[in-house]
Structures are given as structure tokens and as C-alpha cells.
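We have chain A; now place chain B onto it with these hints.
Just so you know, the sequences run in chain order A and B. When you line the first sequence up against this note's numbering, it's residues 1 to 367, in that order. When you line the second sequence up against this note's numbering, it's residues 1001 to 1199, in that order.
A hint or two may mislead.
PhoX-like cross-link-like pairs, simulated, lysine-lysine; straight-line CA separation at most 25 Å [what the hints assert, rightly or not]: (1) A:K34 to B:K1179; (2) A:K8 to B:K1184; (3) B:K1154 to A:K279; (4) A:K34 to B:K1184; (5) B:K1081 to A:K275; (6) B:K1154 to B:K1141; (7) A:K279 to B:K1029; (8) B:K1141 to A:K8.
These are calculated hints, taken from the structure and not from any lab test. Bear in mind the structure is a predicted one, so any value in this text is a computation, not a measurement.
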Amino acid sequence: MISEILTKYLSNEATEQEIQTLFEWIDASEENKKEFIAAKKSCVMTSLSDLNSISETSVIQLKTRNKVFKYLKFAAVFLVLLGLGKLAFNYNQKAKYSKEIVLELADGRSEFITKNNQTKIVNNKGDLIARKFPNQITYFGKVHDQEVVYNTLKVPYGKKFKLQLSDGTVVSLNSGTTLKYPEQFGLNAKRNVYLTGEAFFEVAKDKTHPFIVHANHIQVEVLGTKFNVSAYPENPTVNSTLIEGSIKLAEAENKSNTVLIVPNQMATWQNNSKKIITKFVDTSIYSAWTKGDIAFKDTPFSTIAKIIERTYDVKIINGNSDLARQSFTGSIKISESSVENILELLKRDTPFNYAVKENTITITNIP
Amino acid sequence: MSNNNSFESNLFESFKKGDQAAFTHFYEKYFKRITAFCIQFIYDKDEAENLAQEALLYLWQNKQSLDSVNGIQSFLYTYAKSKCLNTIRHNKVKDRFKNDLLNIKERELNIEILNSISFDTLELTELERIIQESINDLPPKTREVFIKKRIENKKNAEIAEEMQVTLKAVEAHMTKALKILKTKLSDYLFLIFILICNN
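The following block holds chain B by itself, in its conformation from the complex:
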């Protein structure tokens, strides 16, 4: 872990000097994650990839303003968050439902959620660790279902076919995964909330 940190710190130094290879490392590390973040608010993979791309380009253009490698994640997510907010506010999210009231309601909720998330550097590093651990701790099958869903954006039916299990089993794994993650993470998110309020 500490090896990895010093490796990244070295890369960060080269990155600040304008080394494209170092930038590529960070690009590859964060592109899918930022996309996964955005897709949950704008529901369009291409659009989400565009925003992730834009965030990374913005990072490259503003590399001088960063002090440490830990700042990268905070920088990228903060940018992605504000871009998602703009996209929603400017009504650029495509309608998902026939009933427009549902579209409006969903956007309101998403704005509220986005506004409640802060990407402070220190907490973020800790949070990332906890999330990684929580996912790793999921039972293997549950983890597999969760990952197929989250990364590969697959339908339950496709996952059921690939894993040779019933649709019900996939749904059960998804419920279990979300329940475990919610328990582990909501405590922590609450903690962050307290930290921010006390500052």
C-alpha cells in the first residue's frame, strides 16, 4: 500500500511537469470511476463518458493547481459533481419516464443528493478505503453480481444467463449487496456529515 503511494507520488511529480505517460496512469485509474459516478445522475453512458473525459482534460489543464496526489480524486469528483448538477439544471438529462412528473421528481432528488455530497480530500481517501473493503467483504457471488451490474451495466437477465443462475437469485444478490453496503456506508456518510458540520 505504501509502495503504491510512493509510486503514485512519483507519478504525480512527473504529471505536474507535464508528463503524458503519468497523466495516462491517472486517466486510466479514474475514467471508469467518474463515468460510473455520472451515469447514476444522467443515465446516459456516452454523456457520462463525455463528462469523465472533460473532467480529466480539466485536470490536465489545471495540473499546476494541485498540491498532492491525494488532491486528484477530490478535484475530479468535485468537477464531475458540478457538471452533473449543471446538466440536470439545464434540463439536458433525457427523460426516462412517460410521466413527466416522475422525471422532474427524479431530477429534484438527484440535485439534493449531489448537493449533499462533499469531496473533501482527507475524508475521500478514507472513504475510498472503506468502500473498497466493503465491496471486497461481500460474499463472492454477491460481489460478482454487484460488479457486473455496476461496471458492465448489465441487465439482471443477462447476469442470470452468464452466471447460470435464476433471475430471482440475481435479484436476491443485488438486494443483499445494496443492503450490506448501505449499512456499512451510511454510518460513514453520517460521520462525514458530522465532521463537516463541526468544522
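Just chain A, same shape as in the assembly:
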């Protein structure tokens, strides 16, 4: 009876009632207590062994990872996954569903970025503030702090875009991303930008004007380096991954809740617990998208499905529970692979059926 409860307790399955019984038994005699301690100790000591090498995780290799990521060694990469929290700025829900890239100017005008429209952007005073190329906008100039105004760029699913901010910082924006940034940075102000979605920043060095990315309830501060930010609204966490340099994360409403991370670390902010957790990771996985790749490492299918949805602008409905539980490792070249190619690869590991209708892919069990 007691040994049964003891087992349950050690495997974390005992009810409070049973634990009460167990603890009363422990208190009953010194012998009992010794026996309990010996049992828990044996259990604890098994953590000394390499449980990993014995366990088998089901993972497939999609394709060997490309050496091309390695250049990123010199970039500080951090990735922010934005949670469901309220956005730091107001944005038009309708634009989210636009199929074109939309630029909103400070005076409220907005325009679609297409291949053919004008190549100069002027502010409401008629001053030239930026030049536009087919896949990039370059801003220049500085203004007095009180004159700082913000532009907002929205990139829909299935598209990518590049911005050069007025301080020289280059930002690559991934699919499904919104970035709000000063049209021209202030002379003495900090460099604040606001992100939902994912972006790779190559921040121009300027120690006197810290660069701060606001995402969800988190502020990520850097002094000048390169990093990647990913901040999607469906995730309840904010992840920041650093390749080189140093960044500081702080909770926006509680600045004492802060961590500094070193290269190859990822810091994760959790909306629910309001904690920032750090660990070492393979950073190339988190910046692969800037090279036109999708990379996974032990990544659950649900996350992969979301990445495919954003990259290819499709909708995936998964009704296969085996697949939902599966994790995958590998990388995919976006330009050389269709959604069907990816699904065929995944099918080899975990068999499933799928049907494509317009932009919706429905995955089902094999009958």
C-alpha cells in the first residue's frame, strides 16, 4: 500500500490525499523516513546518467543544412516571437489581410509597394525622406527629437521585404510582419522600433543612441550589431537568439526583470509567467529564413505548419494526431520547394493523406 503510493509519489502521479498518507507514514518512524529518503535518492541519482543516449526520438533528416548560414556567425541574431498581447501601436486590421506590401506614412497616407510605383518618398512637408527600389526602401536624414514621426510597413503572408532605416540599420522583414519605425531618427533620442512578426536587423553602430526593439511586453536593447527578430501574434512567448555581440532583454513594465545574453543563447519571455528563461541553441536555425531557407531542429509539426502557412500564404488544417505529435529536423530551400514537396518529405516519416483546395491544405489519417 505504502510502496504503491511511494512509487506514485516518485513518478509524480500521487494525489494530495495519497501524499498526506505517505507523509504521515514517513513521520511514523525514523526507519520509514530512511526508507523514503533512500528511495527518492536513488530516483534523483538516475539524473547522473545519460538518459538521452538511451532514449530514441523520432526525427527525420530532410536535407543537410547549408553551409551558407555560417556567415551569420558575425551577426548577432535574435529572434522575438510576439505573443497575443496588445500591440504597442494601433494598426489597421484590414491591412493585415492585404496581399500587397503596405507602407503607412506618418500623416496617415498609405500606399502599396509594387514594382512600378514612384521611387521617391516625400513627407508631408514635401521633403525627400527615402528612395524606393523593387524590394527595398532606403531612408536617410535625421531630425530634431520632437519632430520624430513614425512610418509603418506591413508585409503579408507569402512576401518578404528589406528596409534601410535613416541611421543605416538594415532590416529584413519576413512574411506576415509589421514594423513601425521612425521615418527619420532623432538627433539625441534612443532608436525605438516596434515589431510584430519576424525581422533580421543589422544595426548600425552608435553607442550613444541605443537601438531598442519593442515586441509584446519585452524590450530588446542593443548598442550596434546584427540580429534577427521574430514576433508573431499567435505565439505566447518572445524568443531572442543572439549570434554575436550582446543584447539585453527587459520586461517593458518591470525593468528590473532583465537578462543579458551571450552569443549562441536564446532568451524566452513567457507571457503567462512573466519570466525570461535562457538557454544555448543552434542559432543558424533561427536565422535560416534570411537566406531563403526554412530550418528545424526537433521542431514540432504545429510550428512547422505555421511557418509553411506564412511562407507560402496557405492554410493548413491538420487532422492527423500522429503528425501533430511528431517533431522534425532538417532544412528546406524555399525557392526550390513547393508546399507539396515539403509534405511529401514529411509523409515519408509519418504517413498521412492530404488534399489541396485553393489555398487550403487538409491533412488526414491514412484510412
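Quick look at chain B alone, frame taken from chain A:
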């Protein structure tokens, strides 16, 4: 085995010189183990991972103080142990039970257990070997259940579903695993106790 040892000794030399790749090897080797150790005292996976992370960072910062590769494990577990003790003593372990007396009692027991564990380098290496062997010697199904429980932190019901066996069978395997390990390890833990007391 000896190959592995010389491989690790070489890595240890690079690690002491500040080679990050060598550190990554040790990081990957120990991160999950230290987490698994801490989780049994603080019952929070994130918090346990944080402590493991901290232990490894501390190892990196204090790499000069280590003499041999065998010292790493002792260093990490000793640090994790003292961190767990601090966490419990400062009441930072979240309450698991409605009845606060149970929370208090559990913490007392955990402090006692932690205090009774010593991570002396030599014994640790030997102990690790014995534990590894004991786990390897478990009957295959029992081992699978034990590992799912310990590494993946799964509920019995999930394990039953994954392995397509009844809940009762999972419980039986868990009982068996703990019983075998307790027998094999408690003898050894007792032996360590004698060794320490005689020194």
C-alpha cells in the same frame, strides 16, 4: 570507453583555453541531466532549466579552477545542489499542494535529501557507471516506461497511449523500475556514505 575518455580529455584542454565548441559539447552532455536533477526538487521545468543554464554558465566562467575532465560533473552537480537548497530555503519553490503543511514537509524532506548527497569526483564517476548499467539492465519495456517518465516528463496516461498498453501496465513497469533501481543503488549509496564517514 577509453577512447571516449581521451576524446573528452582533449576537449577539456580546449575548453580550458576558452574553446566554445568544446564547451558546447559539455553543455549538451549535461544540460538535460542537471535539469532532470533540479526538477525533482523544485518541480518546475523552466526554473530547473534556468538553474541548469546557470550552472553551466558558472562552469564556463570558472573553467580555470578545474583540474580534470572528471571534475566537471562534480562541479555542476555541487552547484545545482546548492542552488536547489537556496531555492527551497528562500521559499521560491511554488506550492504543489493545497494543504500547506504538505508543502512545508516536502521542502524539509528535500532539504534533508539534498544535504545527504555528496558529489565527490571519484565516487561520482563510478556511480554514474553503475546507474547507467542499472538502467540498461532494466527489462526493455520497463526501461522505455522509465525513460519516458524521466526524460520526457510524461503522464502515465500519455505513456500508456503511446505504448498501446493499459494504464495498469505502465504503473507496474514504473514500480518495477524504481524497485530494481532502489535495490541496486541504495546499496551503493550506503557504500558512499561509509566511504565519506571513514575519511
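For each hint, the structure was consulted:
1. A:K34 to B:K1179: At roughly 15 Å apart (the allowed maximum being 25 Å), K1179 (chain B) and K34 (chain A) satisfy the hint.
2. A:K8 to B:K1184: Given pair K8 (chain A), K1184 (chain B) holds - Cα atoms ~20 Å apart, limit 25 Å.
3. B:K1154 to A:K279: OK: K1154 (chain B) and K279 (chain A) at ~22 Å, within 25 Å.
4. A:K34 to B:K1184: Satisfied, since the Cα-Cα distance of roughly 16 Å is no more than 25 Å.
5. B:K1081 to A:K275: Measuring from Cα to Cα gives roughly 22 Å; hence the hint holds.
6. B:K1154 to B:K1141: Given that 25 Å is the threshold and the Cα spacing comes to 15 Å, the pair holds.
7. A:K279 to B:K1029: Holds. K279 (chain A) to K1029 (chain B) sits at ~14 Å (cutoff 25 Å).
8. B:K1141 to A:K8: Holds, at about 18 Å.
Checked against the numbered hints above, the structure breaks none of them.
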